[in-house]
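I would like the entire structure built from these sequences, with the hints used as guidance.
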Amino acid sequence: MTDTLVRTGTVYVARSAAVTGAPPRPAPRPHRRGRHHISPVRVAAPWIALAVALVLWLVSLPGLRDAPVSQYGLIAAGPATYPAALLAVLIAFVLAVRFRSTGAAVTATVGLVGVERLTTSLVTEVPPYSWTYKHIGVADYIQDHGSLARGVDIYSGWPGLFAVTAHFSEITGLSPITVAHWFTTGVHLAIVGLVIVAARSWGLERLPAVTAAFLVEATNWVAQDYFAPQAVAFILMLGFFAVAGRFRSRPSPLSVGVAMALFAGIVVTHQLTPYWVMLATGLLIVTRRLRPWWILFPMSALAGIWLLLNWEMASHFLFFSADPISNAKSNIPTLGVLGQQVTSLVIRSLSVSYLMLAGVCAVVGRRRGTPILAPCILAFSPILILGGQNYGGEAIFRVFLYSLLGCALLVATPLTEALQARLVRAGAMVIVLAWLAGASAQGYYGGWSANLMTRQQVEFADKLLTTVPLPSYVTVAAPVWPERVNGRYAEFARFKRDYDSPMIYSANLVGSNFDTEASYATFMKLIAGRTGGHNYLIISDQMRVYDWYFGILPPRALDNLERRMRRDPRWTVVHEDQKVVVFRAREFTPRRNLVHWP
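Using our numbering, the first residue of the sequence shown is number 40, and each one after it goes up by one.
Among these hints, one or two may not hold up.
[Claimed, not checked] Dumping the calculated DSS-like pairs for lysine-lysine here, alpha-carbon to alpha-carbon at most 30 angstroms:
(1) K368 with K502
(2) K618 with K564
(3) K535 with K502
(4) K535 with K173
(5) K618 with K502
(6) K618 with K173
(7) K618 with K535
(8) K173 with K502
(9) K173 with K564
(10) K535 with K564
(11) K564 with K502
[What the hints assert, rightly or not] Simulated DEER-style distance windows between Cβ atoms:
(12) V549 with G102: 27 to 37 angstroms
(13) G142 with N547: 25 to 35 angstroms
(14) P510 with I371: 26 to 36 angstroms
(15) V376 with A300: 11 to 21 angstroms
(16) T555 with P372: 17 to 27 angstroms
(17) V108 with S294: 49 to 59 angstroms
(18) R609 with P372: 28 to 38 angstroms
(19) S388 with P337: 34 to 44 angstroms
(20) R536 with T409: 46 to 56 angstroms
(21) R625 with S545: 33 to 43 angstroms
(22) R533 with G398: 44 to 54 angstroms
If you are wondering where the hints come from, they were derived from the structure by calculation, not from laboratory data.
Even glycine gets a Cβ: it sits at the ideal position worked out from N, Cα and C.
Listed below in C-alpha cells is the structure:
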C-alpha cells in the first residue's frame with residue numbers, strides 16, 4: 040500500500056512538473072518499519088560489554104581451576120573477576136535489548152552459556168557429580184557388550200542416552216567420560232536454540248524470543264545438565280513444544296509426525312518427563328490451545344506400553360505419594376553447614392519469586408488481551424507432579440525445571456518492554472534480572488566443593504571396579520564416590536543390586552560421629568550380615584567434604600571410623616594414597632591375594 044502511494048505520488052509530481060515547467064521534486068522515500076537511528080555508541084555498547092566479559096572470564100579460569108574448598112561455592116572461592124564476568128554478560132544483554140539489537144542479544148545469551156556452563160568443563164579434569172558415573176558405566180556396558188544389562192538397574196529400561204552415547208563413542212573413538220565432560224555446554228546451546236524456536240512458535244516476536252532463551256539460561260539453577268537422561272529429555276521436551284506451537288492451529292501430518300518422534304525419544308530416555316508432557320498436552324487440548332485432539336491417544340499408548348515392558352524393573356523405583364508436602368521435600372533431609380543453608384535459601388527464594396513474577400506477568404498480559412493460557416499451562420502445570428510423585432526426593436527440582444519454558448514465555452515480552460522503557464522502570468527490571476541471574480548462579484555453583492571429582496579418583500575407581508574379584512561388595516563408607524564407573528558394574532549388581540550402597544545409609548548411621556563402641560558395633564553388624572562375597576570399604580577425602588557440606592556426618596566422623604578400622608584386626612588395608620584408603624574385611628579374604636595394586 041505504501042509503495043503504491045509512493046509510486047502514484049511520483050507520477051503526480053512528474054506530471055505537475057510537466058504542466059508547470061518546474062523541475063520535478065524527488066519522491067518521498069517509503070517508510071521502513073522498525074528502523075530507528077541509533078548512535079554508533081549505542082550500537083557498540085553491548086559488544087564492548089561482551090568483550091569485557093570475555094576478558095574477565097579468561098582471566099578468571101586459572102583461579103577457578105585452583106579454587107579452595109568453600110562452603111559458599113565457586114563464586115565465593117574463585118577470583119572476583121568471575122562474578123564480574125557474569126555481571127558483564129548481563130549488562131551486555133540488557134544493553135542489547137534496550138537498543139533493540141537482536142544479534143547482540145543472541146550473542147550475550149550464548150556468552151552466558153560460555154561463562155556459566157562451559158566453565159565447568161574448562162576448570163575440571165573429569166565430570167563433576169558422583170552420580171554422573173553411574174550413567175557413564177551404563178554407556179560403557181552397552182559399548183562393550185552391544186546389548187543392555189537387562190534386570191540390573193532401571194537405566195536398561197530407558198536407554199536412549201546411553202545407547203546413543205555408546206554408538207557415538209564407537210564411531211568417534213571418544214570415551215563416554217570425555218563425552219560426559221563436554222556434555223553440559225552442548226545441552227545449553229541446544230536449550231538456547233530450542234527456546235527461541237519455541238517462543239516464536241507460541242507467538243513471541245524475535246527479540247522477546249531471545250529474551251525468553253536468556254531467562255531460561257539465567258534462571259536454570261537445577262543443574263540437570265550433566266550427562267543424564269533428564270538433560271536429553273528436557274531438550275526433546277523443548278523440541279516437542281516448539282513443534283506443537285507450530286501446529287496448534289493448523290496441524291500438518293509432517294509436524295504431528297515430528298512431534299511424535301520427539302515424544303518417542305522422551306519415552307525411551309526418561310521415566311518422568313513423558314508423563315508431564317502428556318499432562319501439559321492434555322491441558323492444552325482441553326483448553327483448545329492445541330490440535331489435533333487425538334494426538335494424546337498415541338502418546339498415551341506409547342508411554343503406557345513402554346512402562347509395561349519395563350514394569351518388572353520400574354516397580355522397584357516408583358515413588359507414588361499423595362502427600363504434596365512430603366513430595367516437595369528434597370532427597371537430602373539433613374541440615375548442612377551455613378553455606379549450604381544459605382544456598383538452599385537463595386534457590387528457594389529464587390524459585391518462588393520467579394514463579395510469582397511469571398504470575399504477575401500473566402495477570403498483566405491478561406489485562407492487555409495477550410493470549411496467556413498456553414504459557415500458564417506450561418509454567419504452572421508442573422506443580423501438579425507434587426500431587427502424586429516425589430521421584431525419590433527430586434520431584435521439587437523437576438517442577439522448577441519443567442516450568443522454565445512457560446515462565447520464560449510469560450515474562451519475556453514484559454521484560455523486553457521494560458528494558459526499553461524509561462530509565463526508572465528499566466533500572467527496576469535490571470535489578471530483578473540481576474537477582475534472578477545471581478541467585479541462580481549461586482544455586483548452580485554453591486555445592487561446587489562437595490561435588491568435585493578428580494582424575495586420580497576416577498581412574499582409581501575404574502581400576503578398583505575392574506580388578507576386584509566377584510562376588511564382592513564394593514562399598515563407600517559415606518557419599519560421595521564415582522561408583523559404577525565402567526561396564527563391569529553390571530556383574531556386581533547381578534550378585535547384589537545394592538552392592539555399593541553407602542554404608543551409613545544401610546546401617547542408619549547418618550549423623551553418627553563413630554566416637555562410641557556402640558556406633559562402630561552397629562557398623563560392623565551390617566558388615567557381618569553381608570555374606571556371600573568379599574567386603575571392600577572405601578573412605579576418601581571427597582567424602583569428608585561432601586558429608587560435612589550437607590551435614591550427613593560430623594566433621595571428624597570418617598576420621599574416627601578410619602582409626603577404629605585400622606585398629607580392628609578384622610580389616611586390612613589393601614590400598615592407600617593421599618586421598619583414598621580401601622579396606623577389605625579379613626574374614627572374607629581367601630588365602631591368596633586377589634587384588635594387587637602397584
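Each hint tested on the structure:
Restraint check: the Cα-Cα separation between K368 and K502 comes to about 37 angstroms, which exceeds 30 angstroms; the hinted pair is violated. Between K618 and K564, the direct Cα distance comes to roughly 27 angstroms. Compliance with the 30 angstroms bound is thereby established for this hinted pair. Annotation: proposed proximity of K535 to K502 holds, straight-line Cα distance about 20 angstroms (limit 30 angstroms). At roughly 16 angstroms between alpha-carbon atoms, K535 and K173 fall within 30 angstroms of each other, so this suggested pair holds.
At most 30 angstroms may separate the alpha-carbon atoms for a hinted pair to count; K618 and K502 meet this at roughly 15 angstroms. The straight-line distance between the Cα atoms of K618 and K173 is roughly 21 angstroms, inside the 30 angstroms bound, and the hint therefore holds. For the proposed pair K618 and K535, the alpha carbon gap of about 27 angstroms is at most 30 angstroms, so the pair holds. The hinted pair formed by K173 and K502 meets the criterion: a straight-line CA distance of about 15 angstroms does not exceed 30 angstroms.
Of the pairs offered as hints, the one joining K173 and K564 holds, with about 28 angstroms between alpha carbons and a cut-off of 30 angstroms not exceeded. The straight-line distance between the Cα atoms of K535 and K564 is roughly 18 angstroms, inside the 30 angstroms bound, and the hint therefore holds. Annotation: proposed proximity of K564 to K502 holds, straight-line Cα distance about 28 angstroms (limit 30 angstroms). A hinted range of 27 to 37 angstroms holds for the C-beta pair V549 and G102, which are about 35 angstroms apart.
At roughly 58 angstroms, the beta-carbon separation of G142 and N547 lies outside the given 25 to 35 angstroms, and the hint is violated. Checking the proposed 26 to 36 angstroms range against P510 and I371 shows it holds: the Cβ atoms sit about 31 angstroms from each other. In this structure the supplied range 11 to 21 angstroms is violated for V376 paired with A300, their Cβ-Cβ distance being about 46 angstroms. Between T555 and P372 the beta carbon distance is about 23 angstroms. The supplied range of 17 to 27 angstroms therefore holds.
In this structure the hint that V108 and S294 lie 49 to 59 angstroms apart at CB holds, the actual value being about 51 angstroms. Against the hinted window of 28 to 38 angstroms, the Cβ-Cβ separation of R609 and P372 comes to about 32 angstroms, which satisfies the hint. Distance hint for S388 and P337: a CB-CB separation of about 41 angstroms, consistent with the stated range 34 to 44 angstroms. In this structure the supplied range 46 to 56 angstroms holds for R536 paired with T409, their Cβ-Cβ distance being about 52 angstroms.
The beta-carbon spacing between R625 and S545, approximately 20 angstroms, falls outside the hinted interval of 33 to 43 angstroms. Between R533 and G398 the beta carbon distance is about 50 angstroms. The supplied range of 44 to 54 angstroms therefore holds.
When the structure is compared with the earlier hints, violations turn up for hints 1, 13, 15, 21 and for no others.
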